[in-house]
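Asks: The residues making up each chain are set out below.
Number of protein chains: 2
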Amino acid sequence: MTDTVISSETREVVIGFDRPFVLIGERINPTGRKLLAAQMKEGDLSQVEADAIAQVRAGAQMLDVNAGIPLADEPALLAQTVELVQALTDVPLSIDSSIVEALEAGLAVYKGKALVNSVTGEEERLERVLPLVAKHGAAVVAITNDETGISEDPDVRFEVAKKITERAADHGIPSRDVVVDPLVMPIGAMSGAGRQVFHLVGRLREELKVNTTCGASNISFGLPNRVGINGAFLSMAIGAGLTSAITNPLEPEIRQAILAADVLCGNDPNCAAWIKEYRQAPAAGEEPRRRENRRRRG
Amino acid sequence: MTDTVISSETREVVIGFDRPFVLIGERINPTGRKLLAAQMKEGDLSQVEADAIAQVRAGAQMLDVNAGIPLADEPALLAQTVELVQALTDVPLSIDSSIVEALEAGLAVYKGKALVNSVTGEEERLERVLPLVAKHGAAVVAITNDETGISEDPDVRFEVAKKITERAADHGIPSRDVVVDPLVMPIGAMSGAGRQVFHLVGRLREELKVNTTCGASNISFGLPNRVGINGAFLSMAIGAGLTSAITNPLEPEIRQAILAADVLCGNDPNCAAWIKEYRQAPAAGEEPRRRENRRRRG
Numbered sequence: 004m005t006d007t008v009i010s011s012e013t014r015e016v017v018i019g020f021d022r023p024f025v026l027i028g029e030r031i032n033p034t035g036r037k038l039l040a041a042q043m044k045e046g047d048l049s050q051v052e053a054d055a056i057a058q059v060r061a062g063a064q065m066l067d068v069n070a071g072i073p074l075a076d077e078p079a080l081l082a083q084t085v086e087l088v089q090a091l092t093d094v095p096l097s098i099d100s101s102i103v104e105a106l107e108a109g110l111a112v113y114k115g116k117a118l119v120n121s122v123t124g125e126e127e128r129l130e131r132v133l134p135l136v137a138k139h140g141a142a143v144v145a146i147t148n149d150e151t152g153i154s155e156d157p158d159v160r161f162e163v164a165k166k167i168t169e170r171a172a173d174h175g176i177p178s179r180d181v182v183v184d185p186l187v188m189p190i191g192a193m194s195g196a197g198r199q200v201f202h203l204v205g206r207l208r209e210e211l212k213v214n215t216t217c218g219a220s221n222i223s224f225g226l227p228n229r230v231g232i233n234g235a236f237l238s239m240a241i242g243a244g245l246t247s248a249i250t251n252p253l254e255p256e257i258r259q260a261i262l263a264a265d266v267l268c269g270n271d272p273n274c275a276a277w278i279k280e281y282r283q284a285p286a287a288g289e290e291p292r293r294r295e296n297r298r299r300r301g
Numbered sequence: 004m005t006d007t008v009i010s011s012e013t014r015e016v017v018i019g020f021d022r023p024f025v026l027i028g029e030r031i032n033p034t035g036r037k038l039l040a041a042q043m044k045e046g047d048l049s050q051v052e053a054d055a056i057a058q059v060r061a062g063a064q065m066l067d068v069n070a071g072i073p074l075a076d077e078p079a080l081l082a083q084t085v086e087l088v089q090a091l092t093d094v095p096l097s098i099d100s101s102i103v104e105a106l107e108a109g110l111a112v113y114k115g116k117a118l119v120n121s122v123t124g125e126e127e128r129l130e131r132v133l134p135l136v137a138k139h140g141a142a143v144v145a146i147t148n149d150e151t152g153i154s155e156d157p158d159v160r161f162e163v164a165k166k167i168t169e170r171a172a173d174h175g176i177p178s179r180d181v182v183v184d185p186l187v188m189p190i191g192a193m194s195g196a197g198r199q200v201f202h203l204v205g206r207l208r209e210e211l212k213v214n215t216t217c218g219a220s221n222i223s224f225g226l227p228n229r230v231g232i233n234g235a236f237l238s239m240a241i242g243a244g245l246t247s248a249i250t251n252p253l254e255p256e257i258r259q260a261i262l263a264a265d266v267l268c269g270n271d272p273n274c275a276a277w278i279k280e281y282r283q284a285p286a287a288g289e290e291p292r293r294r295e296n297r298r299r300r301g
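If you're matching them up, the sequences are chains A and B in order.
So for the first sequence, our numbering puts the first residue at 4; every next one is plus one.
So for the second sequence, our numbering puts the first residue at 4; every next one is plus one.
Incorrect hints may have been included.
For identical chains, the list gives no copy identity; a pair is met inside one copy or between any two copies.
[As the list claims (entries may be wrong)] Below, computed lysine to any residue pairings styled on SDA-like, alpha-carbon distance capped at 25 Å:
#	residue 1	residue 2
1	K279	G191
2	K212	G244
3	K279	P189
4	K279	G195
5	K279	N221
6	K279	E254
Think of the hints as simulated: they come from the structure by calculation, not from any bench.
Produce the entire structure from the sequences given, and follow the hints as far as they go.
Replies: Here it is in structure tokens:
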């Protein structure tokens, strides 16, 4: 049992074994969203507002906030975005940047205990990010690559995760506040990418006893019907022990895959969350599954 | 590596570890289908014909054939149905009855190597069904209950499976021709039902080294949006090692959950089956997942 508590000023979310899976909304991120990037750079945060509200309404328990725009003043923009999102919603945030100064600026204005996204196993990152995480009493996402890049061998990635948790401990950060990202490769390029993640998530849980997260949609890069792959991947990864993911709550199939996996892992007591979400479906009849399906999509 | 080869006169299907999952179409079964039961009893097999063709077209690699209608001459009806389905399609069949005389009648007319569905751990069933399976050189579904009923303890169900494979060996049936059904309970009534099956499937694969099958839809009994639970269950069970299931190929979400799990387990080389099924989706853009999703459902 490992619980990672993340909070806003008024709300706590617990990422943990044998608890409902935590969906961290991925949408507030200009990477690959040209229009959003252009708006944010101009200081127009109206789409950020809309994305924040829509994701929480769709069931995201946390939101990831990223302001990584080339040639923008990322620290100032990230701090502004964090403040805006905290004013609009009460869900805890993951403060996301590859620039340490931006993480610092985001943490300086954040109210509550944030999730810092992220640190890697690179020496320079460890020694800059971990003191910041410790200073703010935050939790941190640990990405399992280091100076040598991303190993294709999941056992090497496990060792990087171990090194990060040990270094975090040296800085006074307990392992329950290190959420490891096993790194998801595109299955279209590497047919073992799924099994690798399932195996690594299991080892991280059994041996390091840490919580886990991932950017789930990378798995389907380059394939058609990406949401079909992403949904099945999430269900299977949850079955293997994954406890959170940064993904898109606005996709009904993603939400469904996560809620169903919670039911099937015994982490949705009395199936209450499932029934609340889907009870408008008609009662059982001669061919209930086909009817429900049509009705729900209609 | 355990391969269970099932065949019709002209086609072989292999249920096996590290192979594409085998979907056995469940629709030719009057249980719970009043109209079909009434038609079949009157000798009208037109719906059977339609169900056979539609299921194979939807991707079923095998078909289950059941003619269990109260007060009907089940042996004669099952034999007639088997002959009809074999005349219409070339997929191998699972001959399904709880009446030994019906299994016998079905096997007598069957062309190829059938899957006999099923034997249990009950002494009387073992000693009547296994000689029949051996005589016809068939494979058999082994259901993990015995005289004491269905144990809620998956380790007891494992022992029943072990007893059946050992008894099969006594009758000259190799364990590769025993496909074990771990028995799927409704998750709405038993919150541990999912984890139980995943655990048991893993043990059956690692320790008994047998292939597995199940009637997947029982998992969602009594819940809304059954297909959502069934799809996630199948993906997760495949991740845990399940190698076949008797389910409904006419559900697009079920097919998708199975094809995605094949991709994610590395059992769809070059994602060829996935791409063939879904390539009509548009190419990647700014928000590819949402667009694809809308288009595919439209």
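Asks: Hints first: check each against the structure and report whether it holds.
Replies: Structure-based check of all given hints:
Within a single copy, K279 and G191 get their C-alpha atoms only as close as 36 Å, which misses the 25 Å cut-off; across copies the closest is 14 Å, which meets it. In this homomeric assembly, K212 and G244 come within 25 Å of each other (Cα to Cα) both inside a single copy, at 11 Å, and across copies, at 24 Å. Only between protomers do K279 and P189 lie at most 25 Å apart by alpha-carbon distance; the minimum there is 18 Å, versus 34 Å within a single protomer. For the identical chains of this complex, K279 and G195 are inter-copy neighbours only, at 20 Å across copies versus 36 Å inside a copy, given an alpha-carbon limit of 25 Å.
With identical chains, the CA atoms of K279 and N221 are at most 25 Å apart between copies only, with a shortest distance of 21 Å across copies and 30 Å within one. Taking the shortest alpha-carbon separations for K279 and E254, both the intra-copy value of 18 Å and the inter-copy value of 23 Å come in at or below 25 Å.
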